[in-house]
Amino acid sequence: MAIPILVGAVAYDARVVPIWEGMRDYFREAGPPIDYMLFSNYDRQVQALLEHQIDIAWNTNLAWVKVHRATNGTCRALAMRDVDAQFTTVVIVRTDSGIESLADVKGKRVALGSADSAQAAILPLHFFQQAGIQPEKDCTLLRFDLDVGKHGDTGTSEVEVLRALREGKADAGALGDTTWIRLIAEGRIDARQIRPIWTSPGYCHCNFTVLSDFPDLDGQSWTDALLGMHYDNPRWRGLMDQEGLKRWIRADTAILEGYQVLFDAVERQGLANNWQF
Amino acid sequence: MTSSRFPDPSVRVEGGALGVGTGLLMVIRETLDPLPASAVVAVRTSDPAAAHDLPAWCRVMAHSYLGSDSGPEGPVYYFRKGEFRPVAAGQQPDWGIRLPLRKGQELHTRDWMVGRVGQVPEEALTTTGFAPRGAVVEEGAPAFDFAINSRDAVWAAEVFDLYEQATANQWDASRDIPWGLLQPLPDPMERAVCQLMTFLTENEYSALYVPAKFIPQINPQFNEVVLFLSTQMMDEARHIEAFTKRALANGGGLQYSAASTQLSLKTLFDQHDFTSASFLLSVLGEGTFLDLLRFIETYAPDPVTAEICRRARVDESRHVHFGMAHVRYYLTQDPAHYGELLATVRERAAFMRSVTEVSPRVQEALAILAAGGLNLDRLAEGTGQVRALMDEMHVHRLQRLQVAGFTPEQADEMSRLHTPNFM
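If you read the sequences in order, they're chains A and B.
Mapping the first sequence onto the numbering used here, position 138 (from 1) lands on 138, and the numbers just tick up by one.
Mapping the second sequence onto the numbering used here, position 357 (from 1) lands on 357, and the numbers just tick up by one.
For reference, chain B alone in the conformation it holds in the complex:
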C-alpha cells in the first residue's frame, strides 16, 4: 500500500500498542541498525502518546520526522534515518554462527575459532579493552594500559586443549582426598611430611602469584591464555589448600621456611617479562617439581600424602606443558629469543649464587621419607635416593628444554644453572 504523502518506506515496523516508554524503541532499533542513512521507516502503533514522543525522539536522535497517517489499525508514523555513521563504521558483527557439538553433546573451546572470534591478532589494539575478541567495538573507546599486546609474547598453539583439560580436571581438596585414611605416624616421619608440605606450599604460592601478576597485563584479545592462567591459579590455590591441610591433619603442623627458598621464589616473582617468568616457573620450576612430587608420592608414608601429590602432579604437568608450548611458539617466532632466555637463566643464577643446595631441612625430609623413617639401616640409602632424584631432575630438564626448542648444549647450561631450590 503506497501512501500519497510520504515516500515508500524501506521498512515497516509493527509496534502493536507499544509506546516509546514501553518497548517501541527496541522494536524500531532492531530494524533500524542495518538500514542505510536516509532510509525511510514507517512505524505503526496504537499508543496515542507516540504522536508526541516519536517526533521528540527523532529530533534528539537526529532522524527526520516526516509526519503521520491514520490507518485502519492505528496511525502510522514516518521518519527518515539520520545520516551519521554507525558506531563502528565498516564492521559488522558475525551472525548465524552455530558451533558444532562433539561426541556426548560437548562444546569445546577450540571449536569457537570461527568467524571474527577465530582471528587472533598478531598485535592487539589497546582500545578493544575488555571487549571479547570478535565483538564490534565502538570507536572512541578508551585505551587500556595492557602491557602485553603481541601474540608472540603469550601465545601457545596448544592452549585450547590445555584449557579444556584444566576445566575437566578440577578437583576438591576437601572431599576428593581420603582424609579419613590418615593414621598417626612416628614423629620423625610426620615431621618430614610436614616439612615437605611447608616447602611445597610456599612454592605453590609463587606459582599462584606469578600468573596472577601477568593476567592484568595481557590484552584480553588473547583470552584463551588468560583463561588457562586462571585455571592455573585455581590449581595452585587448591594445592596450597591441600598441602596446608595435610600439614595440619595428622598431629604435626607447618614447619620451617628457609631464607634461601624465599630468595629463590622472590627472584621468580620479580620477573617482569611473561615469557621469562613462564619459562623459569613452568618449564624449569614446575618441570622439576614433577619429579619431586613423584618422589614424595612414591615414598609417602600414608595414602593421603600420596594422593595429594599425585593430583598436584597431574595439574602441574598441564602448567609445564603450557610453559613449554609457549616457549616453543616464542622461539619459532625469532631465533634471537634463545639468547634472551639463556640470559634470563644466567641472571637469576648470578643473583642466587649464595644458594648452593636445597634447604637442608628439605633434603633431610626427603631422605627420611625414602628411608621409611629415621631408620639407621636405611638412611644412607635414602640419601642416595635423594641424590638420584637430583640427577633425574637434571635429565628430565634437559629433555623438556630440548622439546621446547633448545640445543643440547644450551639445555645443559640452563639446566645446570637452574636453582637447586627446585622451583
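So here's chain A without its partners, still in its complex pose:
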C-alpha cells in the first residue's frame, strides 16, 4: 500500500478533527490516501513543512508568505477553497461616527484583530497606508491580539472588534468579509448602529502548500482528487460546510497574484524582521 501523503493543518477549533477525519475518509476512496497531522500554530506547521515532516501544509496567506520567503519562492500552492480567492477585508464604522470614507478615520479610534491576522490587522493597516493614512500616527489603534499564532483563524479577535464598535470603544474596525457576512446574514448586527463603508480589493487567503521537491505527479493526482469533492454529494457536504466552502479550486498563476498585496504589506511593515524562518 502506498505511504499516505501527510497533510498538516492547524487545530484552530475542535471541528478541525472531524474535518480532517472526513478528508481522510474522502481520500481513501478518491485517491491517493492521506493522513493528517495537527499543529497548535502556523509557525510549527511551517517549520514541519520546511523540515519535510509533512508533505502538504494547509496554510493561511501569512504562512504561505513565510514558506515562500524561506524557500526563495520555490514552494508551490496546489489548491484552495473557492472562498480563498477574492477574499476581502471590510472596514466597518459606527453609524454615529461621522465616518463616510477611509480618509475619515483620521483622528478616530480604529479596532483591529490579531497582529498575525492578515484580514483583520496586517492588510487593513496596509490598505489604510495605501489610502494615505498613517494609522499608527493618525488614529488611535485598538488591537485585539487573541489566539496569536493561529493567524486569525479562530475569529475571536474579529468578534472583539465588533464588540468594541458596539460598545462605543471604537469608531471603526476591520475584519474579514466571511466573518462579517456570516454575522450580518444571521441578523446579529444592528444595521442602525454598525455599517460597512469600504471593501478591499480581493486577495488570497488559504492554500495547500508543498515544497519544490514534492513530486509534480503526486501534486497533480492529489489536487485532481480534491477537486472531485462535490458539494452536491451529501456525504461530503457537512465537511465542506464546516470548512466553509462550496468548491475546491486549483491555485493557478493568475489566482496566486492575489497574494502579492500581503507580500507588500509584510515588507512595508517590516514584519519579517522578527520571523524565525
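Rather than coming from a laboratory, the hints here were simulated on the basis of the structure.
Glycine included, each C-beta is placed from N, C-alpha and C at the ideal position.
From chain A, some residues computed to sit far from chain B (all C-beta separations above 12 angstroms): (1) A2; (2) L6; (3) V16; (4) S40; (5) R44; (6) Q47; (7) Q53; (8) G73; (9) T156; (10) K169; (11) S212; (12) T253.
Each pair of labels, with its calculated beta carbon distance range: (13) G115/B / P32/A: 42 to 50 angstroms; (14) G115/B / P234/A: 19 to 27 angstroms; (15) L417/B / N233/A: 49 to 57 angstroms; (16) Q242/A / D33/B: 19 to 27 angstroms; (17) I97/B / D232/A: 27 to 35 angstroms; (18) D35/A / L107/B: 55 to 63 angstroms; (19) G149/A / S46/B: 39 to 47 angstroms.
Derived lysine to any residue pairs resembling SDA-like cross-links, with alpha carbons at most 25 angstroms apart: (20) K245/B / V314/B; (21) K106/A / A51/B; (22) K108/A / A51/B.
Got chain A sorted already, so can you dock chain B onto it with the hints?
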C-alpha cells in the same frame, strides 16, 4: 429595460430599503429557490451597505457577483446563481394544497391524505427522521434508529377514523365524573369496589406502558398510528387517574395487587414485537376488559363507579378496534402471520402455566358486587354471574378473533389459552 452591461436577469428582486442584515436575503431566497443554476438575478435596494454585503454574500454562497448599475430608484446588483444542486435534488414540496372542510367547518385527519402526504410508504427510510411525511428532506440527514419501518408492522386501515374519534371523545376525570353523588357504602361492598379499582388500575398501567414502549420505535412516516397510540396513552392515563380516585374517594383505599396479576402484566410488557403486543394487549386483553367493565358498570353500587367504567369502556373499545384493524391488516399481508400470532399466544400461556385463575380477591370482589353485598342469600347467585361473565368473555373473544381474520379453530385455541387474568 435592458442593461447594456449585464445579461438579462431571469428575476428582478425589489428590495426596497432592505439590507443583507435586515431581511433582503429572505426576499432573495424566495425567488432564488425555484431558479435553475446560472440564472441571473437582479436585486434593487437603496441600502448603501448592500454594495459591500451582497458581493461578500455571493462569494460565500458560491454565486457569481456580476456588478451593479445605478438606477433612478437606487442601485441594482446582479449575480448569477451558483451551480450546486438544491438540497433535495429531484423533489419539490407540494404547493397549492387546500384541504376540504366537512360539515360544521371541520377539518378531519383522514382528509389530509393528499399529494405527498397521502403517500404512506411500504418501507420507510430511517433518514427521513422526524420530518413529517410529505416534507422534502435534505440529503445527508442522519439515520434514526427506528426499529419499525415497515407499514405492515403497524398500519391499520381504520386508523384515521379511530384517531378522529379518540380526539373527539377525551374527557376529564376531575370534572366529568359525578363525584358528589358518592354515598358511604357498607364496608364489604366498598372493599370490593376498592379491590376492583386496584386491579383495574394496575392493568391500565400496562396498557399505558406497552404503547409507550413502541412509539419511539415507529418511524414517524406512519404518524397516524403514532398519533392514535398517543391518544391511547392519554386514555389509559385518565383511567389510572379515575380508578385510583374512586378507590380513594369513599372511605376505602387501594387494596391488594396479586403476584399472578403482576406476572401476567409483565409478560405483556415484555413483548418485543408491536403486532404481538398489540394483539395480546388490545384484541385479547382490552377486548376481555370490555366485558369486565360492563359487568362492573351493571352491578356498580354507586353511580360514580358505573360512570367511570362506562367511560373507560368507550375508550377501551377504540383500542380494541385499532388492535383488530391492525391485526386484520397484518394478516392479509401474509398468511404466515397466523402462525406467528398463535405461537405468541402459546408462548405466553406456557410461561404463565402457574396462573390458573384470576386472583381470588378479584373474583370475590366481582361476586360481592353481583350479589349486592356480602349477602348470604345472593352470594351463590353472584358467583354464578361471575362464571357467566367468564363464559361471555370467551364467546366475545371468539367473535373478535374471527373478525380479525382467524378461523374458528384458531380462535378457539387462542381464546382458551388467553390468560385467566383477563388482560
